[in-house]
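S.K.: Below, each chain spelled out in residue letters.
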Amino acid sequence: MFKKILIANRGEIAVRIIRTCRELGIETVALYDESDIDSLHVRQADLCVRVPSPETFLDVTTIVQIALAYEVDAVHPGYGFLAESATFAQKLTEAGITFIGPPAEVITAVRAKVKVLEAVRAAGFPTVTHTGDCLDVHDLPTIQANAARLGYPVVIKSCRGGRGRGERLVHKPEQMETAVQRASAESRAVFGNGHIYLERAMLPAHQIGVQLLGDRHGHLIHLGEREGSIIVGNQKIIEEAPSPLLNEAQREAILAAALAIGRLFNYQNVGTVEFLLDGTGNFYFSEIKARIQVEHSLTEMITGIDLVRQQILIAAGDPLPWAQDDVPFHGWAMMCRLNAQDPWQNFLPSPGRLTDVRLPFGPQVRIDSYIYTGCRVPPNYDPLVAKVTTWGRNREICLSRMKNALADFLLIGTPTNLPVMQRLMHTTAFARAHYNTDFFTKPPVNGADSEVTLRDLAVITAVHFARRHQMFNPTTPARLQSGWHKDSRRLPE
Amino acid sequence: MSKILVTLNEKTYEISFDLPAPGQDRLSVQVNGETVLVQIPDPAAPVNDHTWMLVDERPYELLFDPDLRWVASKKGLHPVDVRDLEAMTPRHRSGDGRLKAPIPGLIARYLVNVGDEVTAGQPVVILEAMKMENEIRAPMNGRVEAIHVDVGETVARGTLLVEIE
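As given, the protein sequences belong to chains A and B, one line each in that order.
For the first sequence, position 472 (counting from the first letter as 1) is numbered 472 according to my numbering, and the numbering increases by one without interruption.
Just add 493 to the spot in the second sequence (first one is 1) and you have my numbering.
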């Protein structure tokens, strides 16, 4: 078993990994850069090392050097950054350090997104329609021709991508040039690689991911599915497990397909097989995510299995302790992502200092976060500040816990999407699980407040306005105002 | 006596009350002919965009956007418009042609040149922040008079980027 682990990540996922390491009695080494020193993971780790490189969490050479210098046994990459970098996994292995994730050759195989789609189709599973290869971003005519062949709308995707970064939806040929530039630039900024391919867009659709867990000894099981169809821009914001959309036959089919697809690539460690569902319930394979995902907390809630612990144990060579039929599934889980994004300004990122933070609590409410009162949300990293996950015996109880948790959550100092999340939870469409990827097109207004509440809100708005005005223009007390001009300059009689 | 007209979710409320004296924590407020009692928990605390108050016995914790165009309750996000009837002037709306960086970031590129005609809402500059490319849009119709910051430079929040006349 490992004695010391380096966490090559930051924010909530670093905090999450440190927690499990502590439970396992493993020492932790955290990384940070100076803009990110406030993040809670820096002070929770046993040691924290500043990354002396402008590339920070993307700098393979520097991070491998740090891993060697601090004599760690293994490196956990979290999600994003180097989580799906075969080069990183390879370099670590060569240095005698375990990469906590799938072996480098499995990463390479599942990251070749276009080849994966072809292999899955050859094995008899439906896939999304896509272009044949990574396209040259400067060769616009070829891109246009490919898009025309697929049929608009199309999605531009990063060959290295994930988490919606570097994705652009294109409705018309004339939008293509700008969209390609933007997608490629964003992909380069996030993944250090600007290659793209095209997929035919399915609008509206459902996004369903099946969690896989596989050891080094050939055992592969699934831990159920998650639905993440509510998105802003390209980022999932609300997810739940199980999917409210699938009936039992569909669920069985999709879980079996995910296991078969995982076996095609000899998948190991944790990973997710992602599918798109159209309105009629047909599912299409889209990609394999070779990492722990942001929404893994949902699966942990409905199975009681600590996925980060499993990642570490599998990497250390342990066999899976369960067969498929031993996996317990119970109840319902939901997760909301709170992002430092300004709902009043078209969801622009809003880094800054959180002057007041109050976290919700209560039964079956789980918070994953790196923030606290007074901390700064750095401008150079992901806007995710907190995840709220709730569990209930059924969807209704789970939803009411989520409503309460969000109502009790307080984030002050810099704008976040919290007010929008609170509102979404009160929509009838969400309560009935009537949603798809088109659900969120603009911030919903006019919430579920009663007449009396609305009147009270107006009253508070007026009092707030007057007090604010008063603060900036302090009034002179009436007794001092009256007669100053008339009387004070007059000589006493 | 302060007289304020608040339009919230397209319904208008006429609200009047005596401005609170320093330290006063209770206000009697007339709203559309009814009287409610407002309790300000800590009148000495600075007034900021996050506030909580009692109206009669009902507690409210609210978040206002800095321009007072929105109020967020725990269940909804409501557009508001506030007019001070005593001052007889609508409150100030920011709407001049100076486009400032709404967030700190890196100028990735400009989508317009000096002299171009732009319409309100048209993307003008791409600001890279939090690993995302963010479109900053024109605040009004007009012609681009000046571009103040070069591509590739990092700007602080509030830096003047573009002037539109």
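No wet-lab data here; the hints were simulated from the structure.
Model, not experiment: these values are computed from the prediction.
Hints are not guaranteed to be accurate.
[Unchecked claim] Keeping only pairs whose Cα atoms sit at most 27 Å apart, straight-line, the calculated DSSO-like set for lysine-lysine is:
| no. | chain 1 | residue 1 | chain 2 | residue 2 |
| --- | --- | --- | --- | --- |
| 1 | B | Lys593 | B | Lys504 |
| 2 | A | Lys91 | B | Lys624 |
| 3 | A | Lys172 | B | Lys624 |
| 4 | A | Lys4 | A | Lys91 |
| 5 | B | Lys624 | B | Lys593 |
| 6 | B | Lys568 | A | Lys403 |
| 7 | A | Lys3 | A | Lys91 |
| 8 | A | Lys91 | A | Lys115 |
S.K.: Taking the hints in turn, state whether each one holds.
M.R.: Evaluation of the provided hints:
1. The hinted pair formed by Lys593 (chain B) and Lys504 (chain B) fails the criterion: a straight-line CA distance of about 33 Å is larger than 27 Å.
2. Proximity of Lys91 (chain A) to Lys624 (chain B) is assessed by CA-CA distance (about 26 Å); at most 27 Å being required, the pair is judged to hold.
3. Under the criterion of a C-alpha separation no larger than 27 Å, the hint pairing Lys172 (chain A) with Lys624 (chain B) is consistent with the structure, at around 26 Å.
4. Distance restraint check for Lys4 (chain A) and Lys91 (chain A): the Cα-Cα separation of roughly 18 Å lies within the 27 Å cut-off, and the hinted pair is therefore satisfied.
5. Note on Lys624 (chain B) and Lys593 (chain B): the hinted pairing holds, with a Cα-Cα distance of about 20 Å set against a maximum of 27 Å.
6. Restraint check for Lys568 (chain B) and Lys403 (chain A): satisfied, since their Cα atoms lie roughly 9 Å apart, inside the 27 Å limit.
7. Taking the CA atoms of Lys3 (chain A) and Lys91 (chain A), the gap is about 20 Å. The hint holds against a cut of 27 Å.
8. In summary, the hint linking Lys91 (chain A) to Lys115 (chain A) is supported, as the alpha carbons are separated by about 24 Å, within the 27 Å threshold.
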